[in-house]
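A.B. asks: Chain by chain, the residues:
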Amino acid sequence: MAKSKRHREENDLESVTFDREKVAQELRERLAAANEDADFSEKASRITQEDLRFQVSL
Amino acid sequence: MFEPKDFEWESFVEAISTRLFSIEQARSDTHVKYLFGYLGDPEINARSIIVETDYVDGDFLEDFASFYVRCFEPYERFCKRLHFFSMKLSRQDFDALASSNASSELIADVKKHYLGFIVVKPLPDAIIGRTQLKTYGPDGGRRNYTALVRYEAHIFGIDLAVESLAFQEQDRAVAACATVALWSCFQKTSRLFGTPAPRPPKITLDATQSIYDQRALPSNGLYVEQICNAIRLNGLDPEVFGQSARERLPIASLIYAHLKGGLPVLLVVEVEGLEGHALALSGFSLRDTPQLKIETANPPKEAPQLVGLRIDEFYAHDDQHGPFSRLRVLAPHKGKPVAFEGSWQHSNGKKRKLLLRQIIIPVYHKIRLNFITVYDRLRRRIHPLVLTAASITGHDLLEWDVYLTTTNDYKKAICEERLLNGGRLTQILGSQQPRFFWRCLVRSKGMPLLEFLIDATSFMRSRAVWRINFLDENFANSFVQVSSVSDDKDLAATIAEEYDQRNGPRVKEMPEHPLSLDLSLTLEDEN
Numbered sequence: 001m002a003k004s005k006r007h008r009e010e011n012d013l014e015s016v017t018f019d020r021e022k023v024a025q026e027l028r029e030r031l032a033a034a035n036e037d038a039d040f041s042e043k044a045s046r047i048t049q050e051d052l053r054f055q056v057s058l
Numbered sequence: 001m002f003e004p005k006d007f008e009w010e011s012f013v014e015a016i017s018t019r020l021f022s023i024e025q026a027r028s029d030t031h032v033k034y035l036f037g038y039l040g041d042p043e044i045n046a047r048s049i050i051v052e053t054d055y056v057d058g059d060f061l062e063d064f065a066s067f068y069v070r071c072f073e074p075y076e077r078f079c080k081r082l083h084f085f086s087m088k089l090s091r092q093d094f095d096a097l098a099s100s101n102a103s104s105e106l107i108a109d110v111k112k113h114y115l116g117f118i119v120v121k122p123l124p125d126a127i128i129g130r131t132q133l134k135t136y137g138p139d140g141g142r143r144n145y146t147a148l149v150r151y152e153a154h155i156f157g158i159d160l161a162v163e164s165l166a167f168q169e170q171d172r173a174v175a176a177c178a179t180v181a182l183w184s185c186f187q188k189t190s191r192l193f194g195t196p197a198p199r200p201p202k203i204t205l206d207a208t209q210s211i212y213d214q215r216a217l218p219s220n221g222l223y224v225e226q227i228c229n230a231i232r233l234n235g236l237d238p239e240v241f242g243q244s245a246r247e248r249l250p251i252a253s254l255i256y257a258h259l260k261g262g263l264p265v266l267l268v269v270e271v272e273g274l275e276g277h278a279l280a281l282s283g284f285s286l287r288d289t290p291q292l293k294i295e296t297a298n299p300p301k302e303a304p305q306l307v308g309l310r311i312d313e314f315y316a317h318d319d320q321h322g323p324f325s326r327l328r329v330l331a332p333h334k335g336k337p338v339a340f341e342g343s344w345q346h347s348n349g350k351k352r353k354l355l356l357r358q359i360i361i362p363v364y365h366k367i368r369l370n371f372i373t374v375y376d377r378l379r380r381r382i383h384p385l386v387l388t389a390a391s392i393t394g395h396d397l398l399e400w401d402v403y404l405t406t407t408n409d410y411k412k413a414i415c416e417e418r419l420l421n422g423g424r425l426t427q428i429l430g431s432q433q434p435r436f437f438w439r440c441l442v443r444s445k446g447m448p449l450l451e452f453l454i455d456a457t458s459f460m461r462s463r464a465v466w467r468i469n470f471l472d473e474n475f476a477n478s479f480v481q482v483s484s485v486s487d488d489k490d491l492a493a494t495i496a497e498e499y500d501q502r503n504g505p506r507v508k509e510m511p512e513h514p515l516s517l518d519l520s521l522t523l524e525d526e527n
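Chain order of the listed sequences is B and X. The opening position of the first sequence corresponds to residue 1 in our numbering, with each subsequent residue numbered one higher. The opening position of the second sequence corresponds to residue 1 in our numbering, with each subsequent residue numbered one higher.
In case anyone wonders, no lab produced these hints; they're calculated from the structure. Backbone N, C-alpha and C fix where the C-beta goes; we use that ideal spot for every residue, glycine too. Some hints could be false.
Claimed, not checked - Covered stretches of chain X, as calculated for chain B (at least 3 residues, CB under 8 Å):
{"#": "1", "segment": "135–146"}
{"#": "2", "segment": "219–232"}
{"#": "3", "segment": "242–254"}
{"#": "4", "segment": "274–283"}
{"#": "5", "segment": "287–298"}
{"#": "6", "segment": "374–386"}
Can you build the whole structure from these sequences, using the hints too?
C.D. replies: Right, here's the structure in full:
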């Protein structure tokens, strides 16, 4: 307890009242939804032959 | 030889005409009309021209040496250069300037009212050579011309300067549209990164080393792969966003993220009903409120809202029309990505859409983390924490402002913005930083909450988030506590460390136990 108190003082963290379980659940759901597209970066980075052979001629 | 003229339509077409390009041709030429309209706009307000004849232009000289000198027709190698001023220059003023008898007030006025110049090439068509003109004003801060270069010119021993990005018309001999768009981009990248600023014949020849399906010169256009090759051969890496990216990424924000950092963007489009075309983007118009409902045709899950929704126009060097032409952004429609609308028209006067094909950004090799990686990291790891904290504090209408910056530009920006407290500001100004990083700043209703700085010189499987600045104390508390319940312990540890340093470095006593440094454990212990 003494350790926790010292740390709270050291970090100047004001106590924010919230239901930790509820928040943790909310966060888990958001992270899970965002990570459904885990291969997004790989897919969006793909450059196709069609891209490379597009001719700019106007 | 120099000759003064008033800026009027008749004197302009006369000044721009040459032995091979008649006044009649000038009157009906699209570029001539565009440039007259641009210079005559009240925001630019050209009032006088000084015509400089027998001007040796380095860019045209290279075209001449590479191509025109070997034609049977005896083309000239000297150009005309037209200088523009937003002040009336009387004959008396001009004579005083030309004979070094001008007062210091007149010289100061001439410098202040200088609008830049147009080089007129001695060709039968495609006469608009290197053109460096002043931009429109900021219009209350919405217009941002970011990929500009300071150019100098000299007449009568007077040093003149203008902030611009060089433009020229394609001649279809040594350059088609892609070559001149690259040439404009290289003007800026050479200043940013110290890389070459090659002239059109070299760009075309560099580009056509990779694929051969037609002769390099006369130039009839380039493939995207050839554009990339020209970029690589001039010391930069092409960052290409193709068909997968254009449907899944926030396009206006992607372009903004590079322009805001001063990088020019090469936009490859298909002009509706015509063919492929390339434009060099040099700026954007950022409004106070959203202009687009969406900017991603097929967004990923939990996509954060970005600043690009507030962009209504980009400014493009369109070699078929002119410099800084307005390109209106059209929101994705029925699954089709962002498109644009500019000066292109059908024969009945209806606007032709410019359909996005690729975005190509010439970047320095040390810029390794690209927009996709940063956006994805933000979306999957950071934004859920921010959203959850915001649901506790009641902050809504969150908007991310994501852009590439440099250590010097960032340090200048934080001094001007004054968002950080004194201790933290001093700490950051005095710290060593990566040369390039991504600044990701989240605001609620325009009020900054916090920013993540992501090291752009890093790589995908790295920690990359190297600094977090807490800009709202109330939000900071919730954010740190929310991060402590996250399974992402690496990120939570970074957040806790940065939170501890938010007022600048502290002298801390030695911990009794190593675990006591872990803020997340401390918070869990308390419950």
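A.B. asks: Against this structure, judge whether each hint is valid.
C.D. replies: How the hints compare with the structure:
1. Look at the segment 135–146 of chain X against chain B: 0 of its residues bring a Cβ nearer than 8 Å to a Cβ of that chain, fewer than three, so the hint is violated.
2. Given a C-beta distance limit of less than 8 Å, the hint that chain B covers the segment 219–232 of chain X holds, as 8 residues qualify and 3 suffice.
3. Given as covered by chain B, the segment 242–254 of chain X passes the check, having 6 residues with a CB less than 8 Å from a CB of that chain where 3 are the minimum.
4. Here the segment 274–283 of chain X counts 5 residues with a CB under 8 Å from a CB of chain B, which clears the bar of 3, and the coverage holds.
5. Under the rule that three or more residues need a Cβ within less than 8 Å of chain B, the assignment of the segment 287–298 of chain X is violated, with 0 such residues.
6. For the segment 374–386 of chain X, the assignment as covered by chain B holds, since 7 residues bring a beta-carbon within under 8 Å of that chain's beta-carbons and 3 suffice.
Going down the numbered hints, you'll see the structure goes against 1, 5, while the others check out.
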